[in-house]
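*Asks:* One letter stands for each residue in the lines below.
Protein chains: 4
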Amino acid sequence: MLPVNLYSDNVAPAAPEIMAALARVDVGPAQPYGQDPESKALKAALSDLFGTEVWVFPVSTGTAANAIGLSAMTPPFGAIYCSETAHIETSECGAAELFTGGAKLQLVRARSGKMDVDALDEAIRKAGKGLAHRAQPATVNLTIATERGTVYPLKDLERIAEVTKRHGLRFHMDGARMANALAALGASAADVTTRIGVDVLSFGATKNGALNAEAIVAFRKDIAEELRYRVRRAGQVWSKMRYASAQLRAYVEGGLWLRLATQANAAGKRLSQGLVQVPDVRMLEPVEINQLFVEMPERVIAGLESDGIGLGRRDGGVRMVTAWCSTNAEIDHVVARAKVHGARAAA
Amino acid sequence: MLPVNLYSDNVAPAAPEIMAALARVDVGPAQPYGQDPESKALKAALSDLFGTEVWVFPVSTGTAANAIGLSAMTPPFGAIYCSETAHIETSECGAAELFTGGAKLQLVRARSGKMDVDALDEAIRKAGKGLAHRAQPATVNLTIATERGTVYPLKDLERIAEVTKRHGLRFHMDGARMANALAALGASAADVTTRIGVDVLSFGATKNGALNAEAIVAFRKDIAEELRYRVRRAGQVWSKMRYASAQLRAYVEGGLWLRLATQANAAGKRLSQGLVQVPDVRMLEPVEINQLFVEMPERVIAGLESDGIGLGRRDGGVRMVTAWCSTNAEIDHVVARAKVHGARAAA
Amino acid sequence: MLPVNLYSDNVAPAAPEIMAALARVDVGPAQPYGQDPESKALKAALSDLFGTEVWVFPVSTGTAANAIGLSAMTPPFGAIYCSETAHIETSECGAAELFTGGAKLQLVRARSGKMDVDALDEAIRKAGKGLAHRAQPATVNLTIATERGTVYPLKDLERIAEVTKRHGLRFHMDGARMANALAALGASAADVTTRIGVDVLSFGATKNGALNAEAIVAFRKDIAEELRYRVRRAGQVWSKMRYASAQLRAYVEGGLWLRLATQANAAGKRLSQGLVQVPDVRMLEPVEINQLFVEMPERVIAGLESDGIGLGRRDGGVRMVTAWCSTNAEIDHVVARAKVHGARAAA
Amino acid sequence: MLPVNLYSDNVAPAAPEIMAALARVDVGPAQPYGQDPESKALKAALSDLFGTEVWVFPVSTGTAANAIGLSAMTPPFGAIYCSETAHIETSECGAAELFTGGAKLQLVRARSGKMDVDALDEAIRKAGKGLAHRAQPATVNLTIATERGTVYPLKDLERIAEVTKRHGLRFHMDGARMANALAALGASAADVTTRIGVDVLSFGATKNGALNAEAIVAFRKDIAEELRYRVRRAGQVWSKMRYASAQLRAYVEGGLWLRLATQANAAGKRLSQGLVQVPDVRMLEPVEINQLFVEMPERVIAGLESDGIGLGRRDGGVRMVTAWCSTNAEIDHVVARAKVHGARAAA
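For the protein sequence lines, the chains are S, Y, D and G, in the order given.
Oh and the first sequence: position 185 is 185 in my numbering, straight run, nothing missing.
Oh and the second sequence: position 136 is 136 in my numbering, straight run, nothing missing.
Oh and the third sequence: position 275 is 275 in my numbering, straight run, nothing missing.
Oh and the fourth sequence: position 200 is 200 in my numbering, straight run, nothing missing.
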């Protein structure tokens, strides 16, 4: 068995279907900057998927997708409402501030990573709309599969959409692990976007089997028109776009993305169910996708590390993330080793 | 024969060695964000190549490389001196302005794409250093293989470096077609960077056989330290960095990049030599690499287009760019067709 | 009696000494942009005041002073630590974000407007210094006379300075009501700046008798050098600078600023002592300067408003601010009217 | 006689009417941030002047007026067309780039400071509208009384307005010396703005008798709405706004501004007519307002300087600027001294 690495789902290699897609388009000349047939086919494929015309901008990272997307929805004097644990707040080194020209992130109280809808509503109401000394409410950002390993139920998404639209704001969804969320919810891509009024989506693929491509998906033509220029000046328009488009097209073709996510989620569940049998080990958050936050004795953590098993130490615990390629054997191995270390710890 | 496309060198597919490198690293888990062995090996390989320790930041496009690199060398109130035909001025939709926070590009008179050294010196001298109402001279940007298909001779590079350093500015090199320049000059990578005091280089690969990766190469540790954060907030740190690092490593390994560029340059020369035999066809610029600016009768242009041959219409002519994979058969086909159309035109 | 307006201290007119200073310099020609004798005298006067050479940049507002000052201390990828009630966070429409190029404000828990020193220390320690995905700790911002009407004791300032310097951050002080703070503390200007290592100060004057000038005071030459350009491109270098410099010079000459602040503070105390005698009226914060946050029955608030007395409704109460020109008669009138309305309310 | 200073018109003091206006409003409390009666009267006065409702934002400098005004008309990926000698290009240290978030200034060939209309038209036509790699044409900026001391004739203004609107761009006018231009043209304020479709005007006052206030005048409500926030976050909303509004109101009341400018222009003409009688002295540009560019022998320049007469050395000559308060005696003194020095020079 290869070393097991649960540090993140982005430690995994690319899925075979993604690699095959690269090979498929690696033939002869193709017009650059998205004027190639593969990129056009991608737009058609995603428009089908979302049940409406969408505009697709492949980019290299989720941070780029988030920050550039937000910049086309939020004026420099605007405020973006997001969870206090949102990736755009904690993990992007101020990318949203850079690309928007200095908009403000306004943090909304969250539980298990999910924004409190009432707190969101109140925050917008008290934001001072129309008062020149206050950043103006502009956008709501939400990570559908949250940074704490949970998923917004459809009902919550609908309520947040309602609050967003009632106040005249725009709705931005961070879909870094969107496939995992859909697999968990049993919902379609359209259910969580088109039907509730998402304006721009960061469409994640890299954490779930792609090699190095994500996409900004715009549901509004006016935003898409502005994005053309914003993506370009962000240095995010690949000349050989076909290699990004091919990854993304293969990713959704025949439901590959959902199959990969289902596997990752199942591995997460199996891991969670195994680990909680170890004395003094417990889940810090509900395990709804492939991301676990686990409290475990230091002896167990150190033991797993000395076994060469990759994991991420966080404040008060560890994060473990399974991937599209996690096997039962790997998961069972980790659980078995945790039991060994746990037994020693308890002894 | 596949359709011949000379619209740009970025219409070409990836070189087989680059594709093989992707497959090579597509195995098992690897730490994300450049903490993987392949990325470390890339740093070692490029440090060897340049004959000094360098810091390498793979990014997705040349625009990103240029603009982010410049942002770590130029304060928001700074001025960047560049040729009036520089890519950062004409073709990046204001990326340098975005990432620097509003620095000013100051255009220097150029001939065949090459900055006039005396004009550069004079522009800096008259810039108003120390006067608060003037953007402050900060950086010189130079594209070694220019946007007009020419290459700076070593002597010119040395003179520009001397002017740059004498005024206390920093030196930024756009190496989008660096391999083509080195092949033309018969110079080493160190000759045109380390030895003359380049501070930051945009290291191009995509136009010359890579799939979708370029790199910022920093020659100074203080700039590199700042780049860590600037690249991240630009959304340009791939999580699965190994796939970019592998491309770049394979690109330089065993001199692949120079072999590919030599082939592209040779094809450019062959094309040029063939075309000038067509009546009323002439080169608008010296052909020193793989990029031709050609004056030809409209009948010839339209004829080639109707043959399905890709080319780029520009003000007063066409641009034709050969690539690493251009074959003699393709070039000869284009020349033959041009002759056919030219004969009709002349008739 | 003129209508009494306690909406803010900036509703007050200019002090006679300030108006006289304008007239004094309104004679004949003077070099522009701060090259005039009055501006040079201002630098000397403030250097005397702070007991060290300082560099002075008059600007038109406190928001400009804060945001431009911070921009010369904080890289775009930096984090600024401030109280959750800081003016730069709540009341400047994102000015700090604009001028820094997108730095992040990190809010520190505060009580009565004063940052908790331990919370500040912990926030910096946990900020992820050196991690590329985190905004990098750069600057601490503190409003010496807080937005809640309190003043940091010298001991707290020293502790915050110690935390700031220990972590290698820069120290920015918002002195919008600095004179009121000094009057309350019985401290000198140097005590709260030079002696504890403040790097840049927003030196407020408008709220305390000036007409329309504030100043950025830099205590470090390197920061001052950068400010020259940043202030200019911010559009904050008056051509007829003498009129701003004259205001600021008169403001500190002979201790005028402290006399004015002492009067405003005394009026605040008198108002507070009077109001708490009204049934159901209480101070929401300690009254340490000229700014009161008062809980009072709606009947009393509405009554005062119908009397034409200016005040500011805030969440759960009213803000009342006395000024350099508040008279005992005015204060007593307000208290008397509150008692009348309070008696009705209680009845 | 006081020392004569022709270094710039901003070396002059404030006009007595402006000083009187300050005293007039320096009474009792007034709501801050433009909610005072004087600021409301200013809006009415300027709406009268321009013959349409306008929105007025007093700011502290012309640089602020220009850059913030442009930022509400130009997206970050936009291009601003201006004369190659435009103040926003040469003298504002990148303010337009800062406030727009990195828009590009595109320089248009000019003669005697006036943009060539055909060159403007061609530049916009060739700008690559709709091409993602090009900054998108957004705004035309024009200084009505140019940086070279000339004034656009009405016919030229109309042609530039026509080009601007035909291409769908917005029209920004820098009116730093607008009064001087109107006095020279014999035109009304509406003639050069409302009637030709100016969208935003930088309304200058400081160079022509005001103390320290300029204004952004918006002719469109949508732009004005955005300006409210942009001006605030620029740190350009004075709390004691009445002192700025009073200056601006007095400035236009009863035509004061035109009287002052007429006097400055007449002084400029007298100076010009006198100087050209000196051997080897000639005007480098037509003298149409109060600003002269003069070629004179070094002996004459040095002689005037040694007389204590202020002037501005420029490349190849000197700039001399008369002001609202320039007297015939002063002008005649300068001419007489030039003749003395010129006689020596010729001898």
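These are calculated hints, taken from the structure and not from any lab test.
Computed from a predicted structure; not experimentally measured.
Treat the hints with caution; some may be incorrect.
Pairs count within a copy or across copies, as identical chains cannot be separated in the list.
Straight-line distance between alpha carbons at most 27 angstroms, and here's what the computed BS3-like set of lysine-lysine pairs gives [to be verified]: (1) 339 - 155; (2) 40 - 165; (3) 221 - 126; (4) 43 - 114; (5) 221 - 40.
*Asks:* It remains to establish, for every hint, whether it holds in the given structure.
*Replies:* The hints, checked one at a time:
For the identical chains of this complex, residue 339 and residue 155 are neighbours neither inside a copy (38 angstroms) nor across copies (52 angstroms), given an alpha-carbon limit of 27 angstroms. Proximity of residue 40 to residue 165 under the C-alpha cut-off of 27 angstroms is found in neither arrangement, the shortest distances being 31 angstroms within a copy and 34 angstroms between copies. Taking CA atoms no more than 27 angstroms apart as the test, residue 221 paired with residue 126 passes between copies only; the shortest distance there is 25 angstroms, against 31 angstroms inside one copy. Neither within a single protomer nor between protomers do residue 43 and residue 114 lie at most 27 angstroms apart by alpha-carbon distance, with minima of 31 angstroms and 40 angstroms respectively.
For the identical chains of this complex, residue 221 and residue 40 are intra-copy neighbours only, at 16 angstroms inside a copy versus 40 angstroms across copies, given an alpha-carbon limit of 27 angstroms.
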